[in-house]
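**Q** Throw the hints in and build the complete structure from the sequences for me.
Chain by chain, the residues:
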Amino acid sequence: MKTLLLLSLISSNLFAAEAAAPAHKEETKTEGAKEVKDDSKDLLDFSSIKDIIKKDGLEGQLQKKQTEKRVHITTKKFDDMKRYNVPAQSAFWSMMSEYWLVKNATLLKWDFHKPDFDLEKSFISLLEVQGHYEKKVKILLLDSTEVIHAALPSNDDEYIFLVSLPFIRTLDLSKVEISLILFEDFIRAKKGYFKGYVQSKELEAYLGTNFNGKPFNKKIIDESLKKYTSVLLDKGFSFQEQFETTTEMDSLLKNDLKMWNTYLTLLEKIDNLTKSNALYKKYSQIYPSPELQLNWLRPKPSRF
Amino acid sequence: MNKFFVSMMLMLSFNLQAQTDSGAMTKSLVGIKYFNQMMGNVHQNASRFSQVLTTISCNHPVKVMKQTSKDGKDFVMFGDNDWYLVTVGPYDGYIMADYLSDKKSVCFEEEYAKFFDGLELDINDLYYWARLYDQYVQGKSKVRQ
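Heads up: the sequence lines are chains E and Z, in that order.
Per this note's numbering, the first sequence starts with residue 206, numbered consecutively.
Per this note's numbering, the second sequence starts with residue 12, numbered consecutively.
Each hint should be verified, as a subset may be incorrect.
Stated by the list, open to error - Selected chain Z positions facing chain E (in silico; Cβ < 8 Å):
#1 F60
#2 A108
#3 K115
#4 F126
#5 G129
#6 L143
#7 Q146
#8 Y147
#9 V148
#10 K151
#11 S152
#12 V154
I should point out that these hints are in silico values taken from the structure, not numbers from a laboratory.
Using N, Cα and C, we set each Cβ at its ideal position, and we do this for glycine too.
**A** In structure tokens form, the structure reads like this:
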């Protein structure tokens, strides 16, 4: 009997447990479903905001702002890098010549009070007669005889001329004569003789580059300065270059015999001066030589 | 007594002169222009050899002024019509007209800033660079009809 009672108790418990299990299962099921429902509710909320954002164009604005920022950073980087640019040939030479003039201001003595000769007007009219238009001309008078006259290397269609005032006064040169001296220098500058002396392969390679992240090559600039001094005060131009310049002057001026004669007389004056005045002895070393120039210019005597 | 009278007369005349000088011309702004050379000077008078008041560099903005006389005549150009009367900071002076532009120019020291810094120009060099533009005589050949 006892065993019967025990068995019935156990079976009833088992039944109860079995009956309770699906109810619990259902409970957990509903909790899970609730969670999923909650999650889906969250997702739904986000997408709805997204839709609103899309409708408002805020997402586009954000993208636009981000692109703008990216462009700004890139431009700033590019601008910062650009600051390290080395000038190209087209921008370098006038600056370099002026730098040399600044560094040699006391030697050349160009900073002095001088009368207005209107030299630029007479020289420009000669350039125009010769058909050289749109040429920018800068003339600097010197109160010394260290450099008698020269055209310094400069940017395209720009010319920097130096002329010694003591030289002009000693020879009592007229405006036409001074213009002819400048025109001779103009021919030399056009042929690029001076530039050729200063320009090295290293300088040529350096110009137009960028030195961002590298030290500035001051040595190359200092060497160029020394070459300027060497050409103008010591070595000067070669016989070949002088011959080419003189023959070109000859052919250009022959159309105007009066002008051609003025040029011949001018060279005679310079030749006499360089032979008689010790102050101008170096002239023939820089521009060899007025005497030879006269020989090249004078018509050869006919055999008949 | 006589001396006192003379000195009083002198003082009065000076005072009167000063009043007429300041009252004769009035200055007014014409516009803003920009310096278009590498370096340059503002001069006390309309002459390249007159005293330098201050030195300016490329693209420096300057106020171009005109003077109006008592009879209503306007003077914008000075010297041989090739100088502007300008105000630069605290200075009232003159700058060559060719060296001023209506718009900013392309300046070497701005385009190649680090290269220009690398030249290590001292105050003496900057002074001479500005003087160079006082001393140059410049021109340009043109096709003439």
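**Q** Checking against the hints above, which ones are violated?
**A** Violated hints: 2 and 3; rest satisfied.
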